[in-house]
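Same order as they appear, the protein sequences are chains A and B. Quick note on numbering: the working numbering labels position 137 of the first sequence as 137, and the sequence is numbered without any gaps. Quick note on numbering: the working numbering labels position 62 of the second sequence as 62, and the sequence is numbered without any gaps.
One or more hints might be untrue.
The list treats identical chains as interchangeable, and a pair is accepted whether it falls inside one copy or across any two copies.
Stated by the list, open to error - In silico DSS-like links for lysine-lysine, alpha-carbon gap of 30 Å or less:
#1 K49 - K137
#2 K88 - K122
#3 K22 - K137
#4 K59 - K122
#5 K137 - K88
#6 K49 - K88
#7 K59 - K88
#8 K49 - K22
It is worth saying that the hints were derived from the structure and are not from the lab.
Protein chains: 2
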Amino acid sequence: MGEAKTPDASRRSERSRQAILKAVVEQVGEVGYTRLTIEAVAARAGVGKQTIYRWWPTKGALVLDAFLALLGEPAALPDTGDVARDLKVVMRATLVELVNPRFELPSRALTAETQMDPALAKQFVDALMRPNLEATKARLRVAQRAGQVAEGVDLDVAVELLFGPVYHRWLLRTAPLTERYADTVVDYVLAALRPPGPPGSAG
Amino acid sequence: MGEAKTPDASRRSERSRQAILKAVVEQVGEVGYTRLTIEAVAARAGVGKQTIYRWWPTKGALVLDAFLALLGEPAALPDTGDVARDLKVVMRATLVELVNPRFELPSRALTAETQMDPALAKQFVDALMRPNLEATKARLRVAQRAGQVAEGVDLDVAVELLFGPVYHRWLLRTAPLTERYADTVVDYVLAALRPPGPPGSAG
Numbered sequence: 001m002g003e004a005k006t007p008d009a010s011r012r013s014e015r016s017r018q019a020i021l022k023a024v025v026e027q028v029g030e031v032g033y034t035r036l037t038i039e040a041v042a043a044r045a046g047v048g049k050q051t052i053y054r055w056w057p058t059k060g061a062l063v064l065d066a067f068l069a070l071l072g073e074p075a076a077l078p079d080t081g082d083v084a085r086d087l088k089v090v091m092r093a094t095l096v097e098l099v100n101p102r103f104e105l106p107s108r109a110l111t112a113e114t115q116m117d118p119a120l121a122k123q124f125v126d127a128l129m130r131p132n133l134e135a136t137k138a139r140l141r142v143a144q145r146a147g148q149v150a151e152g153v154d155l156d157v158a159v160e161l162l163f164g165p166v167y168h169r170w171l172l173r174t175a176p177l178t179e180r181y182a183d184t185v186v187d188y189v190l191a192a193l194r195p196p197g198p199p200g201s202a203g
Numbered sequence: 001m002g003e004a005k006t007p008d009a010s011r012r013s014e015r016s017r018q019a020i021l022k023a024v025v026e027q028v029g030e031v032g033y034t035r036l037t038i039e040a041v042a043a044r045a046g047v048g049k050q051t052i053y054r055w056w057p058t059k060g061a062l063v064l065d066a067f068l069a070l071l072g073e074p075a076a077l078p079d080t081g082d083v084a085r086d087l088k089v090v091m092r093a094t095l096v097e098l099v100n101p102r103f104e105l106p107s108r109a110l111t112a113e114t115q116m117d118p119a120l121a122k123q124f125v126d127a128l129m130r131p132n133l134e135a136t137k138a139r140l141r142v143a144q145r146a147g148q149v150a151e152g153v154d155l156d157v158a159v160e161l162l163f164g165p166v167y168h169r170w171l172l173r174t175a176p177l178t179e180r181y182a183d184t185v186v187d188y189v190l191a192a193l194r195p196p197g198p199p200g201s202a203g
């Protein structure tokens, strides 16, 4: 897709690309990842199979791109000064996405596939998970500077304490993912990260 | 397998059962879940395909049983009175299992499959995850009675705070799973659950 093109050809390419990615999401939703075929995606998108093979080396890469297109840009992390409130916004948004049927099936398909395909897993983490984890880490770093999070806290562990329980519940379907659950996780994690001091003294 | 049998027939059945489960683990390790076939398992175990179909309704159920046989009985949770020490024993054991190549591949295969098969997911959780989560919850309840964990704590959330981060890191392969990581997670979670009081007074 890096070649020089006339504006019309570029527009056509982009239209085909969008049609393919949309067809992938629909197909995954209907037949699941394993039974998704390039043939069916091509037919649904109205493009030739070769177009798909030219742009995406594997089925995994294609589904990953479709998923990224579906999600769009990650929401910016708010910074109101109130770290609990800001983290609750993020965790609630994560949760709403995980239980949205439009996202849930492709998410599960991709999670399944990444278990058996470490290269795809790395792409998935780098493109999708890492930016969210890093944004959350950055917000916690601000809280650390503001004295709301203890100095010695390992922020990599802190973000996993936030996201881990939510994904664990989603993955295993052990209990409903409610906003109250997201809030409780945030409250507990912030209690763990709080700087030492008399009870109730920290933000 | 509930029918009355002569002792010899029972022994033969049990031998076949063990051979089948062993063959499943070896096959999953070699070709992965998707390409595992009942034919290949039967050939490797030296039994007829019908024997396998008679005992296991689906490939998922077969792999789940093979995995349960591989894991054996869950280790009892220690209760030394020191809740931090006891939880570290559990979390380290969980982590050692997750990174053991013998368990890792079947674990990932099963994790992948449960994403697309909610009925298998439920069996997996009930047979494998729930007992561990409940045992940990019981240990936290003892700690709660001993005043090491605050009264109002939601213990279902507490166990997810312990296991969620470890599984998250394993699932996404974001960073190495070390014993130090397990210990850090336990320390942070216990800090979150601690009853209110002057700093350093609890645990």
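Hints and how they fare:
1. Proximity of K49 and K137 under a CA criterion of 30 Å is satisfied in neither setting, with 41 Å inside one chain copy and 52 Å between copies.
2. Taking CA atoms no more than 30 Å apart as the test, K88 paired with K122 passes in both settings, with 27 Å inside one copy and 29 Å between copies.
3. Proximity of K22 to K137 under the C-alpha cut-off of 30 Å is found in neither arrangement, the shortest distances being 32 Å within a copy and 44 Å between copies.
4. Taking CA atoms no more than 30 Å apart as the test, K59 paired with K122 passes in both settings, with 15 Å inside one copy and 28 Å between copies.
5. When the C-alpha separation of K137 and K88 is checked against a cutoff of 30 Å, the pair qualifies both within a copy, at 14 Å, and between copies, at 25 Å.
6. Proximity of K49 to K88 under the C-alpha cut-off of 30 Å is found in neither arrangement, the shortest distances being 44 Å within a copy and 53 Å between copies.
7. With identical chains, the CA atoms of K59 and K88 are never at most 30 Å apart, being 35 Å at best within one copy and 40 Å at best between copies.
8. With identical chains, the CA atoms of K49 and K22 are at most 30 Å apart within one copy only, with a shortest distance of 15 Å there and 41 Å across copies.
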